[in-house]
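Starting from the structure of chain A, add chain B where the hints point.
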Amino acid sequence: MDPLDIARWQFAITTVYHFMFVPISIGLSAMVAGYQLAWLRTGNTQWLRLTRFFGKLFLINFAIGVVTGIVQEFQFGMNWSDYSRFVGDVFGAPLAIEGLLAFFLESTFLGLWIFGWDRLPARLHNACMWLVHLGTLFSAYFILAANSWMQHPVGYEFNPETGRAEMNDFAAVMFNKVQLVTFPHVVLAAYMTAAAFVVGIAFWHLRRHQAVGATGEETGMWRKATRTGAWIVLVTGLGVALVGDVQGKVMTEVQPMKMAAAEALYETEQPAPFSLFTIGTPDGEREKLAVTVPHLLSYLATGTWDGEVKGIEELRETYRETYGQDPGAAYYSAGDYTPNIPTTYWTFRFMIGLGLLAMGVATWLLWATRKGRAPAGRLLYVAVALLPFMPLLANSMGWIFTEIGRQPWAVFGLMTTASAVSPGVSATEMMISLVTLTAVYGLLAVVEVRLLLTYIRKGADPVTEADLPSVRTEDDADKPLAFAY
Amino acid sequence: MELTTVWFALIAVLWMGYFTLEGFDFGVGMLLPVLGRGDRERRVLINTIGPVWDGNEVWLLVAGGATFAAFPEWYATLFSGFYLPLLLILVALIVRGLAFEYRHKRDDATWKSRWDAAIIVGSFVPAFLWGVAFANILRGVEIDAEMEYVGGFFELLNPYALLGGAMTLLLFLTHGAVFVSLKTDGPIRLEARALAVKVGLAAAAVTVLFLAWTQLETGTAASLVAFGLAAAALVGGLVALPAGREGWAFLGTFVAIALGVAGLFLALFPDVMPTTLADGTSLTTTNAAATAYTLKIMTVVAAIFTPLVLMYQAWTYWVFRKRIAVHHIPEPVLAGQGS
Numbered sequence: 001m002d003p004l005d006i007a008r009w010q011f012a013i014t015t016v017y018h019f020m021f022v023p024i025s026i027g028l029s030a031m032v033a034g035y036q037l038a039w040l041r042t043g044n045t046q047w048l049r050l051t052r053f054f055g056k057l058f059l060i061n062f063a064i065g066v067v068t069g070i071v072q073e074f075q076f077g078m079n080w081s082d083y084s085r086f087v088g089d090v091f092g093a094p095l096a097i098e099g100l101l102a103f104f105l106e107s108t109f110l111g112l113w114i115f116g117w118d119r120l121p122a123r124l125h126n127a128c129m130w131l132v133h134l135g136t137l138f139s140a141y142f143i144l145a146a147n148s149w150m151q152h153p154v155g156y157e158f159n160p161e162t163g164r165a166e167m168n169d170f171a172a173v174m175f176n177k178v179q180l181v182t183f184p185h186v187v188l189a190a191y192m193t194a195a196a197f198v199v200g201i202a203f204w205h206l207r208r209h210q211a212v213g214a215t216g217e218e219t220g221m222w223r224k225a226t227r228t229g230a231w232i233v234l235v236t237g238l239g240v241a242l243v244g245d246v247q248g249k250v251m252t253e254v255q256p257m258k259m260a261a262a263e264a265l266y267e268t269e270q271p272a273p274f275s276l277f278t279i280g281t282p283d284g285e286r287e288k289l290a291v292t293v294p295h296l297l298s299y300l301a302t303g304t305w306d307g308e309v310k311g312i313e314e315l316r317e318t319y320r321e322t323y324g325q326d327p328g329a330a331y332y333s334a335g336d337y338t339p340n341i342p343t344t345y346w347t348f349r350f351m352i353g354l355g356l357l358a359m360g361v362a363t364w365l366l367w368a369t370r371k372g373r374a375p376a377g378r379l380l381y382v383a384v385a386l387l388p389f390m391p392l393l394a395n396s397m398g399w400i401f402t403e404i405g406r407q408p409w410a411v412f413g414l415m416t417t418a419s420a421v422s423p424g425v426s427a428t429e430m431m432i433s434l435v436t437l438t439a440v441y442g443l444l445a446v447v448e449v450r451l452l453l454t455y456i457r458k459g460a461d462p463v464t465e466a467d468l469p470s471v472r473t474e475d476d477a478d479k480p481l482a483f484a485y
Numbered sequence: 001m002e003l004t005t006v007w008f009a010l011i012a013v014l015w016m017g018y019f020t021l022e023g024f025d026f027g028v029g030m031l032l033p034v035l036g037r038g039d040r041e042r043r044v045l046i047n048t049i050g051p052v053w054d055g056n057e058v059w060l061l062v063a064g065g066a067t068f069a070a071f072p073e074w075y076a077t078l079f080s081g082f083y084l085p086l087l088l089i090l091v092a093l094i095v096r097g098l099a100f101e102y103r104h105k106r107d108d109a110t111w112k113s114r115w116d117a118a119i120i121v122g123s124f125v126p127a128f129l130w131g132v133a134f135a136n137i138l139r140g141v142e143i144d145a146e147m148e149y150v151g152g153f154f155e156l157l158n159p160y161a162l163l164g165g166a167m168t169l170l171l172f173l174t175h176g177a178v179f180v181s182l183k184t185d186g187p188i189r190l191e192a193r194a195l196a197v198k199v200g201l202a203a204a205a206v207t208v209l210f211l212a213w214t215q216l217e218t219g220t221a222a223s224l225v226a227f228g229l230a231a232a233a234l235v236g237g238l239v240a241l242p243a244g245r246e247g248w249a250f251l252g253t254f255v256a257i258a259l260g261v262a263g264l265f266l267a268l269f270p271d272v273m274p275t276t277l278a279d280g281t282s283l284t285t286t287n288a289a290a291t292a293y294t295l296k297i298m299t300v301v302a303a304i305f306t307p308l309v310l311m312y313q314a315w316t317y318w319v320f321r322k323r324i325a326v327h328h329i330p331e332p333v334l335a336g337q338g339s
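Those protein sequences? They're chains A and B, same order as listed. Each step along the first sequence adds one to the number in our numbering, with nothing skipped, and position 280 is 280. Each step along the second sequence adds one to the number in our numbering, with nothing skipped, and position 19 is 19.
Chain A with its partners taken away, still in its complex shape:
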């Protein structure tokens, strides 16, 4: 295998894997902090039990996100050294700032939260988790700013002397218009993912406890978690969709080929229909069966029902004219400028479809559990059990879509992926890295999922008077710690 392909596989595997855990960390840190705040405000220990229960699941999940994040920081230099040389002046800054603002905040205050139950006053302790959440938001902002720059490079100048992109407007990089739509899209999707995770677990417990006629304490708690979670899925899902709509228009403007690829739209059309699904040859040779919604793509891409949407063939020509004759030829040998169409077409559909499905399940659940109702239907049970996977997979689909859709570029219009790879690293070395990391990640996934399931099944520990949080005094210097590894 070519080093380029190995490096791309490694990036795909490590990044998609990393981003299985990240959205849950972002969203669940806010929800756990919220439960804790609700307990502090109301004194209702159900909220404290939820804080502790989901806090544990949060930590199991967060740990993998952290350790796989180190790979992300290193592999630009390891596998993509020419990329790093070319973009470091622009791309390095958000990464460094992410470390300084976000990683320190997250890790330090999470340590304080985990071990601080009996060391910090309750409000300060709760503030620590809010700061962890703030850290995750900072982290998302800076890394997405870096990625948005790859989708739509701004605030830089190509310096032919040094042969690299050099930043000349930091604010433009930070407030890139792609970034301004990507950040809310991703963060809302993260809340949605975490809430779906919570709902899947809480509803399972609710049903289990209802089946054995458990106390109102137990069912009331899981009901709270189920319904608040379902509302969050629904509301944030709506937000994701609305922002996604704006995002589509920005994408059509700055990366028209990606929009055409999302639709496998070969010929320019006006008005353009939205293809729900196509059976046949999505490489554009022949359609066998296609279900379309007239005018919808025009609206998604341009905001008007009759707007023209450029097709792949026309864009290919435009791209050739724009990028084909540039003097910096080394960076511009991109062939036909077309990404892998089946991948972009299907990931785009699955992203939207799974997101809508999750919102549908959340709505159904809210309706079925309204006014204290306890639904017993099998279908709802299965649908809610599958709910956590819907936004989770939709996230992966969205990222695969947007990254594959940018191809053949690493930095749109500036540097191809082929010219970004490390020239000095051999295929053997890269293969060792790919195989090692994939094996380690695979093993850790098995361990993590089994551990999660154990803790999910175990349920939320009851809270007695004795284990209400209280700050240690000199008198209880010899008491066991409230929490220890």
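Careful: at least some of the hints might be erroneous.
Stated by the list, open to error - Here are the in silico distance ranges between beta carbons for each label pair:
no.: 1; chain 1: A; residue 1: T454; chain 2: B; residue 2: T5; range: 50 to 56 Å
no.: 2; chain 1: A; residue 1: V16; chain 2: B; residue 2: T299; range: 34 to 40 Å
no.: 3; chain 1: A; residue 1: L124; chain 2: B; residue 2: G186; range: 27 to 33 Å
Source of the hints: derived by calculation from the structure; they are not laboratory data. Owing to the predicted nature of the structure, the values given are computational and were not obtained by experimental measurement. All C-beta atoms, glycine included, are put in the ideal place defined by N, C-alpha and C.
Only chain B this time, still in chain A's reference frame:
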């Protein structure tokens, strides 16, 4: 001072922070089988660093990110050049970090012993390899005119680099043992103290040897001062230990590591990654640097946030300042679960 020099200094500070902080984390991890006879003793050891290890590791991530931003060429050459050692470090940090979080989650002997192995190996590997990596940076490696590393993996395992690895390993062991004596109570504290003196003597010998070698090869007057003070701090720390002055001893090993790193960067300056090839290009603070504009932005951000980070990290150490003993360890959270 030029901004490139400022950033060279800042990156040196980040590595100083990383090695002084995660250095004792590595030491504690390596000492797990030595000082942690039973499960409770092991948990005492792990909990001395429990609340802080992750924050300590972030120093590495920020050092990496800052190098990417301030010296993109250095980041690119170093990370693609030292490929396999870095991969080993990555895998070590992954399993080790997860081990801290997962080990206590099941009360099962097999489960725990596997994660213990992850902690021990995951601490030894980076403790050794960071020394190897830094020694190679100091010594110079085969970098061609295009700033690409062209040497192989085994070229990195030369005697000077192996000595560097031995130095960081022994220093972190000592630092960790001193930290344990400072943060625990009971028999572990006394054992750690005795062990720290023994390992510390070996560490001092290897450190003096390595620093002298470095001084002879690439040293400057400034690095000589730093190395001298580092050695004095290490010896001073070890002398304070038998008398039970663990705080002073920890200050000694802390300062020794910080000044040692500072000295290495002083000996390196103005190169950041020299070449050993006659027709190669040495990376310097000038030819590897980002633009003045980027450095200026980064300087402003660093000037605002670094003091803040130092403040809240210091506060964490204050919150968890109490010593931990065996009787502080709570019952296992999930008793009787198989893995």
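Check the structure against each numbered hint from earlier and tell me which ones fail, lowest number first. Failing hints: none at all.
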